[in-house]
Amino acid sequence: MSKTKPDLRRMLLRLPHNRQDYAAIMVISELAGLLGADLVGTYVEDLTVHELASFPNAREFRAGNWQPVSARQLARDAALAAQDAERLFFKSAAGHRSNPLFRIAKTSALSQEALADDIIAVIDPKNPIERATHQFNQFVRTAFSSDASILLMPSRIRDASGPIIVFATDPNDPSVDTALDVAGPTGAGIILVAPEMSNELRKKAQDRGVGLSLGQAAFRNEEILLPPVTTGSLLIMNRRYVPNRPRSLQIPTLLISAKLRTV
Amino acid sequence: MDTDQHSPLSELRSSLADPGGGPVDAQPSGALSPQQLYRRADASALNFKTTAELAPLDGLVGQERALGALQFGTRIRKSGFNLFVIGSAGTQMLEVVESMLRSTPSDRPAPGDWVYVNNFEEPRRPIAIQLPPGRSMALRDTMKHVIDDLKVALPALFESEDYQARHAAIDQTFQAKQGEAFSKLGEEAASANMALLRTPMGFMIAPVRDGKVVPPDEFNAWPEPDRKAAQETIERLQNELEQIVRHIPGWEREHRDEIQKLDQKTALAAIDQNMTEARQKFSDVPRVVEYLDTVRGDLIENTALFLSRPQGELGPAVNAALAETSDRYLVNVLVCHPPKSDSAPIVQEFHPTLANLVGSVEYISQNGFLVTNFRLIKAGAIHRANGGFLLLDARHLLSEAFSWQALKRTLRQREIRVEDVARFLGITSTVSLEPDPIPLDLKVIIFGDRLLYYLLSAYDPEIAEFFKVVADFEDDLDRTAESEAVHVRLVASLLAKEDLRPLDRDSAALVLEHAARLADDSGKLTLLTDRLKDILVEADFWAREANHSVITRGDVRRALDENVRRMSRIRDRSREAILHDIALIDTTGRRAGQVNGLSVLELSGYRFGRPTRITCRVRPGSGKVVDIEREVELGGAIHSKGVLILSGFLAGRYALDVPMSLFASLVFEQSYGGVEGDSASSAELYSLMSALSDVPLRQDLAVTGSVNQRGEIQAIGGVNEKIEGFFDICAARGLTATQGVLIPKSNVQHLMLRQDVIDACAERKFFIYPIETVDEGISLLTGCEAGTRGPDGAYSAETINGLIEARLRSFARVLEHSQRARSHEQDET
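Going down the list, the protein sequences come from chains A and B.
Okay, so the first sequence: first residue is 0 according to numbering that gives the first Met the number 0, each after it adds one.
Okay, so the second sequence: first residue is 0 according to numbering that gives the first Met the number 0, each after it adds one.
Hints should not be assumed to be uniformly reliable.
Said to hold, decoys possible - Below are the BS3-like pairs computed for lysine-lysine, each with C-alpha atoms no more than 25 Å apart in a straight line:
#, chain 1, residue 1, chain 2, residue 2
1, B, K640, B, K744
2, B, K143, B, K377
3, B, K183, A, K125
4, B, K339, B, K143
5, B, K260, B, K176
6, B, K623, B, K640
7, A, K105, B, K211
8, B, K227, B, K183
9, A, K125, B, K176
10, B, K264, B, K150
11, B, K260, A, K125
Unchecked claim - Here are a few chain A residues that face chain B, going by a calculated C-beta distance under 7 Å:
#, residue
12, V48
13, F54
14, F60
15, R61
16, W65
17, P67
18, S69
19, A80
20, Q82
21, P127
22, H133
23, Q134
Honestly, the hints are just simulated from the structure, not real lab data.
Glycine included, every Cβ here is placed at the ideal spot set by N, Cα and C.
Working from the sequences, and respecting the hints, build out all of it.
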């Protein structure tokens, strides 16, 4: 029996440090459940950070002030942060069929282990300092250098309702099947931004009870030009249209791995 | 020593005694004629075939005094001139007053509606607003419409691409400002081979090389100048980071302000469109316009209430709470009158609890807490009646905790304040509301019986302050040919009102006569229409059973008889006890120191009379008449007073020159319940006089009437029932043509006796004797002359008074002899 949908195995999530960012995990967990992927939440314990205490006059910026720091304190903080992350992760992921799994990784090599049938979830931190950290930027860079699909979660999720927008120039793009997987159980419609809509695709959507309509988009230098406001619950497109991290997003965006194929 | 034993008078006593109990000669002289026992209706004034021909009358017949008070009290518009309507139960005061108020055009302006709205500045103190009659509902609907519209319009506006684009632009500007600052810091750090690093709980700046953090060992191995330079760079970057972070709250504030401005600008269009329409509708009510302006301001400030749509576990609860919050713009209609109403409201409160009277603040439970808001303020009867009349039953009002005080407080303050009974009792510490008081313009009319009013007057001086007008309803009216005709019209009105068959002329006459019986006076007609109505309803029932198109005399008679029959079980048992000699009552013969007294029992509105044996025993003593009923605490105060009067009578009449040396005991034989009233005091006196004189009393006579210290017989109540009670016993045993009842002469006017009693009197088988003085009575009861003092100041020895005085002197001598002997014994000791 031939498979007609891409097989996405895992949703790999680097757990955020900031509690405010955990709201995004609810959406990520739901999406993982819909796609049949396991949700793997990883708390990254960066060992190099522990060594920083050995620097002369080492200070840490916390609670709005610079404070002296020790290796012992950093180790204790790391243990507490990991516990907190685990608790918040399971609380946020509960209620969806995403089989949440928590783990602690000693290195920041999370994105390096990702394969083409994995999704790396990147939560854009609400706190701008988080966005400016070396680890976050390195994580994003590595994610985009991997073969995996990437889920970009904006720092502000405006509305979880609305249609799913799919950009696909090729009707056989796995983005379309991924969108159908998500739209089927949720009852959301799909706006397909594509040159044309094949009869086969139309029938596939009809079989799954998904409303499918054709939309238009502007392209510049072969990149899709996103409007300032995108009304929808999820944006899905192939990673080849978005080679780099977009600057600002209003809705969750799933960039399907260019190496993933509908079988 | 009792010297009478050897006096010639003992022969008199012996001749009067009747050991065999046989009949004695009848003494009908002075007995009343049958015509004096019952006053028939004046048929000549009843000029109709049936009452259907009569024009109806309201219940104000014979109530001129009350009517005048009502007209004055309802029209005067000054503080404190509220009405207290008093009268006996059954006068239908309430119905009459309500009917009068509804039929009389009021000179009061139609009162306005009242609503409570939220006080946005101080939610604990909801604002009361008055509107023209009928407009409150319009305001409520308008506000609901406005809010419903905004619930749709505002989210739509805020979801519009235009708004989202503007919002996103502001967000981006803000994020860009922060991002730029941190990017700059990052670039600066990168150019200096430094990096901002996330620690488990904070941030650090550390040197990097080739994208990796320089290990501390390596750093420590750097030349001193390099390490120092790196340290300085780190410190500079730390300062810059601190500066940027310090700017963040300010940027966030700016961001928030920008968003708020955008929100307000966006919302204003929708809000103003709706509010302008509402404002125009109520432009003639400045207070409402003022309120609408406040609402507009609050809506602009709190647009977010209409936009929040939380998801997740707490979503429904939070959404419900938000919906509740948006309800604060709604209007609580407290009082709404019909539009274009030109009459003052007339409100009757049957259950005047504090809450039903002055309104209440209700609570609802939310997550285990009791909460309230202005929409849970409920109107009381005073709110609904404000501007008109509030009708209350005094007994109901006084039996409800706090209500009477609350009513007076409201009248004094001249404003209605909603009071929370739970707070009075201290059973709740929940935060409550203090709604704006509402100005009071109310006429309160309280209905109650006289006793209640006079007790209230005695114990609550404030009643005179707040209820200055008393309307006292008469219980009856004088009976004349004219008043009988008017009364029949009143009866006709009752028949029409109750949808009953009309009375024919003969039955109307019987109803009139029954009205006189109910009034306890042949010269009066009762105005207690409730009791008349009950008879009419029952007579109508029997007329229907007999297929009569009109109520006949027989139907009325049957109604009266059936009514008595249903209620008379106790009377029959009492009579049976006498006839079976369980309760000892003689109806023939003579006995010394024993007399038949008469009492009346009233059970649930039904009265019947029954004879009671009263006996007296005497001996020398300290001048005391002992009332055994009082000694065992079965006698009431009035009864005891009656007995004490006997002592006064004896002391004032007999043996004035010697100390009173009598000990007498009086008792109501076989009386096991309480005895009250002084209507048996004359009977007790006859018994005492008989015991003292040792002259037997006739047992075929019964006695009723009170007596004063001068020996005058005074009127009593229930004379008809008392006579009938004794008659029934005598008739059951067989009338002897000597039996009868002694009644006070002043009670003759009250006689409305049963037909069988009248018939027996007409046939001279039974007699009613009107008595004015004790001497008259004792003569009739003994057959001996009472006696008067002669020129020598002494009573003739052959008279009752003479015998009594002689006995008392003998008691005095016995007592004196006894005291001397005791004194002598003490001297010898």
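Verification of the hints:
no., hint, in the structure
1, B:K640 <-> B:K744, "holds, 22 Å"
2, B:K143 <-> B:K377, "holds, 19 Å"
3, B:K183 <-> A:K125, "holds, 18 Å"
4, B:K339 <-> B:K143, "holds, 24 Å"
5, B:K260 <-> B:K176, "holds, 19 Å"
6, B:K623 <-> B:K640, "holds, 14 Å"
7, A:K105 <-> B:K211, "holds, 16 Å"
8, B:K227 <-> B:K183, "holds, 23 Å"
9, A:K125 <-> B:K176, "holds, 14 Å"
10, B:K264 <-> B:K150, "holds, 17 Å"
11, B:K260 <-> A:K125, "holds, 22 Å"
12, V48, "holds, 5 Å"
13, F54, "holds, 5 Å"
14, F60, "holds, 4 Å"
15, R61, "holds, 3 Å"
16, W65, "holds, 6 Å"
17, P67, "violated, 11 Å"
18, S69, "violated, 12 Å"
19, A80, "holds, 4 Å"
20, Q82, "violated, 11 Å"
21, P127, "holds, 4 Å"
22, H133, "holds, 4 Å"
23, Q134, "holds, 5 Å"
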